[in-house]
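Engineer: I would like the entire structure built from these sequences, with the hints used as guidance.
Heads up: the sequence shown runs through residues 92 to 413, numbered per the numbering used here.
No lab work stands behind these hints: they were computed from the structure.
What you are looking at is a predicted structure, and each value in this text was computed from that prediction instead of being measured.
Treat the hints with care, since some could be wrong.
[Said to hold, decoys possible] With a straight-line cut-off of 25 Å between C-alpha atoms, the simulated DSS-like cross-links for lysine-lysine are:
(1) K202 - K214
(2) K108 - K332
(3) K145 - K214
[Unchecked claim] Label pairs and their computed distance ranges (CB to CB):
(4) A205 - V256: 54 to 62 Å
(5) I350 - G249: 23 to 31 Å
(6) G129 - V256: 23 to 31 Å
(7) F245 - V363: 42 to 50 Å
Glycine included, C-beta positions come from ideal geometry on N, C-alpha and C.
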Amino acid sequence: MEIFKHDAAFDFLRWRKISLVISALLVIASIGAILTRGLNYGLDFTGGILINAKYEQPVDISDVRSALDTAGFDHAIVQSVGGAREVSIRLQPSRDKAADAGAGTVKQSDKVAADVMAALKAKRGDATMSRDPDYVGPEVGDELKSDGVTAVIFVIIGIMIYIGVRFEWRFAIAAIASEFHDTILTIGFYAFTQHEFDITVLASVLAVVGYSINDKVVVFDRVRELFRATRKGEPVDILNKAINNTLSRTIITSLFTGITMIALYFFGGPAVHGFALTMIIGIVIGTLSSIFFANPILLWLGVSKKDLMPVTRDNPELARRP
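Structural biologist: The structure is reproduced here in structure tokens:
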């Protein structure tokens, strides 16, 4: 017990019971939100029409919604884009009759876009279309959603195979549990907040999966090294030592990656907002789970030095030698 007393700066595993309970509650809440609230799928997955309008003077979102409601676009989704003078208007086939009418062909969607702009001009004469409307058919959206789910499943399965081959079974279970933990919490954030979940967000979820498992591999590699290099020492001390040894690397990597994503979020434009936001959330969750979830799970599974020692077969001939 004394061997790591002066080396370990922080006793992270002191809070392992509290951290595991908090993680379990967050996972349950996230699953509940996903099942009950669902995700606010973007145009990529639902199909429909996306129209970008800009004004010469700042405009209030409520005024835009009021103009659309008056024209019969009751369920249009209106959001600000890069400031107070530009808005995006999304019409989903499942929500708006006018969008359904425009869901047949691109030519018909142009007519719906013209009707939307006419409604906006009737309210404010300085409204103009900033770019051509985007049209996605519902069949394409369903196909993208199916392909996206399949991609996430294959990525997780691939990581599970890699972890199972590289690590002993206790390490593999802890890493896989952490992977599901981080993925569910990241998606749960979108279910709670109802931020738009589009194809760029899905891509960032896959990036979060890879980022998260990389951090766990670094910590677990250090755990194995310490177990094999130490003659004596309790598992809880060795795990604390491994976390502290890799802490500076974890913080530096997370900090600079996070700074990059924050800059991308604020200055990269609306097209990458979803990607950057997901990465920021995933970095925070992945970093904390490496410390407060993965290693407590490993300790709970009963990891010990014996698990990492090579298995030797009894050799009668060697036993007879002096």
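Engineer: Look at each hint and say if it fits the structure.
Structural biologist: Status of the hints after comparison with the structure:
Restraint check for K202 and K214: satisfied, since their Cα atoms lie roughly 19 Å apart, inside the 25 Å limit. A distance of roughly 18 Å separates the Cα atoms of K108 and K332; the hinted pair therefore holds under the 25 Å criterion. Distance hint between K145 and K214 is fulfilled; the C-alpha atoms sit about 13 Å from each other, no more than 25 Å. Between A205 and V256, the C-beta spacing of about 58 Å keeps the proposed range 54 to 62 Å intact.
Under the hint 23 to 31 Å, the C-beta atoms of I350 and G249, about 29 Å apart, fit the expected range. Range check, G129 to V256: about 36 Å between beta-carbon atoms, so the 23 to 31 Å window is missed. Distance hint check for F245 and V363: the Cβ-Cβ separation is about 24 Å, which falls outside the suggested range of 42 to 50 Å.
In summary, the numbered hints that this structure violates are 6 and 7.
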